[in-house]
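Residue numbers (our numbering), protein chains in the order written: chain A, 531 to 675; chain B, 617 to 998.
There's no promise every hint is true.
To be verified - Now the stretches of chain B that chain A is said to cover, found in silico as 3 or more residues with beta-carbon under 8 Å:
| hint | segment |
| --- | --- |
| 1 | 753–762 |
| 2 | 808–821 |
| 3 | 861–873 |
| 4 | 965–974 |
Stated by the list, open to error - A few chain A residues that don't get close to chain B, going by computed Cβ distances all over 10 Å:
| hint | residue |
| --- | --- |
| 5 | Arg562 |
| 6 | Val587 |
| 7 | Ser598 |
| 8 | Gln656 |
| 9 | Gly667 |
Claimed, not checked - Short derived list, chain A residues pointing at chain B, Cβ under 7 Å:
| hint | residue |
| --- | --- |
| 10 | His603 |
| 11 | Val606 |
| 12 | Phe609 |
| 13 | Leu642 |
To be clear, the hints were calculated from the coordinates, so they are not data collected in a lab.
Just so it is clear, the structure is predicted and the values come from calculations on it, not from any experiment.
Where a beta carbon is used, it is the ideal one built from N, C-alpha and C, also for glycine.
Next come the chains, spelled out residue by residue.
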Amino acid sequence: MTLQAGRARPEPTPETQHFWDGTRAGELRLQRCDACAKTYFPPRPFCPACGSRKVSVFRASGRGRLFSYIIHHRAVPGFTPPYAIAVVELAEGPRMMTNIVDCPQTPEALQLDMPLEVAFTPMDEQITLALFRPAPGNKAQGAKA
Amino acid sequence: MIAPGSVAIVGAAESTRIGVVPDMSQIMLHADAALNALADTGLKLSDIDGLACVGPMMPQQIAHYLGITPRWVDGTGVGGCSFMLHVRHAAAAIHAGYCNTVLITHGESGRSRINGTPRPAEPQSLGGQFESPFGPAGPPSLFPIPVLRYMKTYGITHEQLAMVAVVQREWSSKNPRAAQRDLVSVEDVLNSRMIAYPFRLLQCCLVTDGGGALILTSADRAKDFPQKPAYILGTGESVETTMVSQMADFTSSRAFRVAGSEAFRMAGIKHADVDHLMIYDAFAHLPLFGLEDLGFVGRGEAGHFIEERNTAPGGKLPMNTNGGGLSYTHTGMYGMFALQESVRQVRGTAPAQVPDVEISVAHGVGGMFSSSGTVVLGRDRP
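Work out the full structure: start from the sequences and follow the hints.
Here is the structure:
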């Protein structure tokens, strides 16, 4: 899918560049602490659970469940209301904000805990966003086939 | 540890007008409230030797505008509960002898936007990278993010979340300064314009102009002032995250729990001792989270507690008695107005006065569950 123009564009920093390199390459990259095994997000080069600087980047499954959301009814550049601003809980544990695509933006279709999978969506040549869609076999109620 | 009641609020006032004040810039709302608070105490500007304020109106700007020479300053800015933290820090500073008399000011041209607070996007911040691209537009789109998870976890109904607004309108109907005073029903709330599902217009705070100021000094001096002192019995503070998507538990605020329990412990009070409660209500779920995280009710019980009218006029725990951010006023940083109402209730001068308030708790939030501050005020010095 193509994104409508006007969205706020993220600017990677040295500590987050690996995440954005990952989405552009079609990988959802998380970090895990080598010392205490904590998996965490957003990116930083140390573990927020134990403070260790020995952490590794790994490719996450891209699967998760719909944890919570709102449906925004006001106009925002880059969006056509009503649209959902959602939080996905990844299979690996961390949660991240996202939008849900390929799904009606209604309370009936957006059921909490429904399985989701990542849908990498380019914004431009540098930035690709990790959006999510209902996982196959779990078509959202009311979704078009 | 500072003993409960060692420091008191001896002056408290709001700006002369609140609501829509298009003839005052933001800095003048600070000054107007400060001058009113000084008049409340009989002090002169030259008596102030400590100053705390928040945001772009840094202490240096307010000090210069008011002509104050402070020897102690605090510019702690953690959002709308910053004033609770200022009270806590000021009490410690007075106790330590860093200063004698502290002025805390707030002014915000939230509605008229005269010299208002710019909120620039920061695309390199973590929020700018990992929240902004998904379409949030300020607090109405972010603060309610945890609500559906909270509702599902505890079986909270839309009607219960509507009842928060209904009850607070009952309180504001008794308050001539409140922006919205007409009684509303659950149906009115659920039929109001959708803002960010599950929340509708009447479940979102007002956007107003206004200011407020507090003056604190040691309890030993407090009896010399014209108004009854409000003794500071206990305070607490904490922060969690600037990103609501990253709060650890979508059904409970860690910052609320830390700030609240610290304030109660310091004050040496139990929940049954609390006669009056203010919980910062930028949106309808906040009083529910506050009641549970402060321990007034068990997990998931706050919706029923409010529905059963326990916090309404005549209820056993009168809460948000000025009408709150939903119906009284909300400049953007409402915590100052929650504190003002707690002081009025302890003094016995509130428009909707609760009988015989000995202890009032004012609990604030900053950002989207980013931060929290709690202040316990007492009518009597322990």
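Item to check | Least C-beta distance between Arg562(A) and chain B, which was stated to exceed 10 Å | outcome: Holds, because the least Cβ-Cβ distance between Arg562(A) and chain B comes to about 17 Å, which exceeds 10 Å.
Next on the checklist: Under 8 Å between beta-carbons, do enough residues of the segment 965–974 of chain B, three at least, approach chain A for the coverage claim to hold?
Outcome noted: violated (count 0)
Next on the checklist: Given a cut of 7 Å on the nearest C-beta pair, is the interface hint for His603(A) held or broken against chain B?
Outcome noted: 5 Å, holds
Item to check | Whether Gly667(A) stays farther than 10 Å from all C-beta atoms of chain B, as the label says | outcome: With a cut-off of 10 Å, Gly667(A) remains clear of chain B, as the shortest Cβ separation is near 22 Å.
Checklist entry - Checking C-beta pairs, does the segment 808–821 of chain B have three or more residues closer than 8 Å to chain A? => result holds (count 7)
Item to check | Outcome, coverage of the segment 861–873 of chain B by chain A - at least 3 residues whose beta-carbon is closer than 8 Å to one in that chain | outcome: holds (count 3)
Checklist entry - How about Leu642(A): closest beta carbon in chain B under 7 Å, or not? => result Holds. Min distance 5 Å.
Item to check | Whether Ser598(A) stays farther than 10 Å from all C-beta atoms of chain B, as the label says | outcome: 4 Å, violated
Item to check | Status of the stated non-contact between Gln656(A) and chain B (beta carbon gap over 10 Å) | outcome: At about 12 Å from chain B, Gln656(A) clears the 10 Å cut-off, so the statement holds.
Item to check | Interface hint for Val606(A), Cβ within 7 Å of any Cβ on chain B | outcome: 5 Å, holds
Item to check | Hint validity - Phe609(A) Cβ closer than 7 Å to any chain B Cβ | outcome: 5 Å, holds
Checklist entry - Given as covered by chain A, does the segment 753–762 of chain B meet the bar of three residues or more with CB within less than 8 Å? => result Result for this restraint: holds, n = 7.
When held up to the earlier numbered hints, the structure conflicts with 4 and 7 and fits the remainder.
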